[in-house]
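Enquirer: Residue-level listing of the chains:
2 protein chains.
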Amino acid sequence: MAVGLGPLPTLHPVPGFELGISSAGIKRPGRKDVVVMRCAEGSSVAGVFTLNAFCAAPVILAKQRVNGPVRYLLTNTGNANAGTGEPGLANAARTCSKLAELTGVDADAVLPYSTGVIGEPLPVEKIEGALQAALDDLSVDNWAAAATGIMTTDTLPKGASRQFQIDGVTVTVTGISKGAGMIRPNMATMLGYIATDAKVSQSVLQDLIRDGANKSFNRITIDGDTSTNDCCMLIATGQANLPEVTEAKGPLFDALKTAVFEVCMEVAQAIVRDGEGATKFVTVEVNGGGNHQECLDVGYAVAHSPLIKTALFASDPNWGRILAAVGRAGVPDLDVSKIDVFLGSVCIASKGCRATTYTEEQGSAVMAEAEITIRIELGRGDCSETIWTTDLSHEYVKINAEYRT
Amino acid sequence: MAVGLGPLPTLHPVPGFELGISSAGIKRPGRKDVVVMRCAEGSSVAGVFTLNAFCAAPVILAKQRVNGPVRYLLTNTGNANAGTGEPGLANAARTCSKLAELTGVDADAVLPYSTGVIGEPLPVEKIEGALQAALDDLSVDNWAAAATGIMTTDTLPKGASRQFQIDGVTVTVTGISKGAGMIRPNMATMLGYIATDAKVSQSVLQDLIRDGANKSFNRITIDGDTSTNDCCMLIATGQANLPEVTEAKGPLFDALKTAVFEVCMEVAQAIVRDGEGATKFVTVEVNGGGNHQECLDVGYAVAHSPLIKTALFASDPNWGRILAAVGRAGVPDLDVSKIDVFLGSVCIASKGCRATTYTEEQGSAVMAEAEITIRIELGRGDCSETIWTTDLSHEYVKINAEYRT
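Those sequence lines, one after another, are chains A and B.
Going letter by letter, the first sequence gives residues 1002 to 1406 in this note's numbering.
Going letter by letter, the second sequence gives residues 1002 to 1406 in this note's numbering.
It should be emphasised that the hints constitute simulated quantities derived from the structure, not laboratory data.
Where hints are given, some of them may not hold.
Just so you know, same-sequence chains aren't split out, so a pair can sit in one copy or run between any two.
Unchecked claim - Under the rule of at most 20 Å between Cα atoms (straight-line distance), these lysine to any residue pairs were calculated in the SDA-like manner:
| # | residue 1 | residue 2 |
| --- | --- | --- |
| 1 | K1352 | I1061 |
| 2 | K1127 | L1009 |
| 3 | K1352 | P1088 |
| 4 | K1352 | L1009 |
| 5 | K1399 | M1266 |
| 6 | K1028 | D1341 |
| 7 | K1399 | T1280 |
| 8 | K1339 | V1205 |
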């Protein structure tokens, strides 16, 4: 049911960043569910992590270790290792230690990532048993296989890649992500990994992924449910023959920022396009806000409204539900007589009530599309925010009612 | 699909309060869609109204007029007269003026209420044409018919009634409500009307309905969508032969308060029981909060989570989703290691992770019930809040995708 999401684009290899995939049979025998990523020595690694207070054991460990030298990222699907307390932390550490033992690095140089069912004990032995096969599989050409290996309820793998030249040197930025449900990232998405061969200092890298995630992963929502396991990582291997980026300026930084942001946006939007049961890809654009927060409040009120989401599913231009959501968003002293609402390019509400030019046929034509933009003009100031979301379909209920069966 | 909601209980007539029902054919020919209520001269009337900034024209008018002498309440279904701007206000005023003309009262003594589709022009002539028939139908015995006459997507009428004796005099409190979708009342419910024959000063009456609504209507949610048309009215006709209640104390006030709160709670919970597509009636109890707001934040995060609601529909004790919702509720410095979660009387999570005593069979047994309590102990303080909600079923999507077809 993915909306406007085709096969993976070409994912250029990133020198110094290898990926290996294997099967631990965590949820189903034979399913590829373990991904190991190796960063060349000297790589910088930065990440953003869920703000859910019940953050998963691997998130706690990865946050602790991200500032030290990082050599391996270890991901499993089928089990989130969240809500598992101290034993969960010990289990996450055990899988990292096993990988460290097999590769001769410090245990602290291995960062764990898990996704899947919350609250079940991590099947440590199964994962440990799959590590050598993943190591044997390591290759810079495995991005597509890794994109598939990190999937859970995703129906399609998600990836994006950019290259640019600077001083005659080609720089690559490639990223993959996963996620289709429990998606309302807050500081990161379910799981995202982006690597570049540029050399970038850790502090600049951290700013890059924070800002990049903020404009992309942190602006998507499927069901409003912020996951316990969200992580998005940015790795710079430094293998490109260029000077280190140590400041947020200059042509190399600018080109890198553009590439990182574009990759972030493409893989973040891919998560929405593949949202559970999605039949529509919906852009909610809020302009004319007095500040960014009120734009976000309005945008999320619209993006999370089950009434609007079911109307989108039905291709029904029931625009009254949009007005109602804007009105309940909690914006102080909202003057509804200044608000215009557009469906695509059609003005449906002007100055707070039905536009005189609006016809049901116009609204129906826009709603029949698979990609729909809802634009809300608040008329209060100059701030704007954009959020991407899906509709709410029968399939969504089916997927989530049957998730554990 | 209503959960634990049977036929209407006995709704005792309230001396001095008559109800009349007729058909204007607003949405379907022959459907009872107009209800007129007459308050005896000298009645006090108080109300609480939606906080949605896009509040409907009738809400604006009713708020203006509620403090003057009130003689008639005029309700129509099938059209919300919301998002209709100045013409909507003029239309609401016109229907009131017509009723005033027919009955010889001031237009300001008529308060309008509308519910139905947002954004369509009110069919004024149809409503005006149905007023005389409603007036001819006025009777103190028409509560049940009125409860049916105000329904929209409701599958059952909702009402409750209490009587008590004081100084040998019987006092009656009777109320009705409607609503099944766009239910997350903020200061009131979709539509609620409660009347008593006690004599109560306007200021005491206003406090009674504000506090009563706050503990009942303002603690229910079906889809998180606060309506544009929420109103809850409390009418005191003063026909009981007792002194006027002018202070919030004394045996009469106490008995009246209990009766009003019980009626509020019963008809508010009836709205949840009849929630769109509901197969479960869910109580979310949050205890041990540091303040009331954080209890509400946690309660609504759980009550609005589509993942939890679909798990409830599937009778799947997927308790990890509950932890995830608690963790993303935005409670500052939440120490998850102090949190216990119960499904019914079964402890599913203790100190932030799966309880050692918990078995999937225990969880499944609770989830198989039609009425389920989720209890969350935050371990931060002494505050508690309770919210009532429903599950999210295939039927919910069907109802709201097909609402206008």
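Enquirer: Next, verify each hint and record whether it holds.
Expert: Verification of the supplied hints:
1. K1352 <-> I1061: Between. Shortest inter-copy distance 17 Å satisfies the 20 Å Cα cut-off; intra-copy 48 Å does not.
2. K1127 <-> L1009: neither (29 Å within a copy, 58 Å between copies)
3. K1352 <-> P1088: Between copies only: 13 Å across, 57 Å inside.
4. K1352 <-> L1009: Neither. Shortest intra-copy (43 Å) and inter-copy (43 Å) distances fail the 20 Å Cα cut-off.
5. K1399 <-> M1266: neither (28 Å within a copy, 33 Å between copies)
6. K1028 <-> D1341: This pair counts as neither: shortest intra-copy Cα distance 49 Å, inter-copy 28 Å.
7. K1399 <-> T1280: This pair counts as both: shortest intra-copy Cα distance 14 Å, inter-copy 15 Å.
8. K1339 <-> V1205: neither (41 Å within a copy, 37 Å between copies)
Violated hints, in rising order: 2, 4, 5, 6, 8; the structure is consistent with all others.
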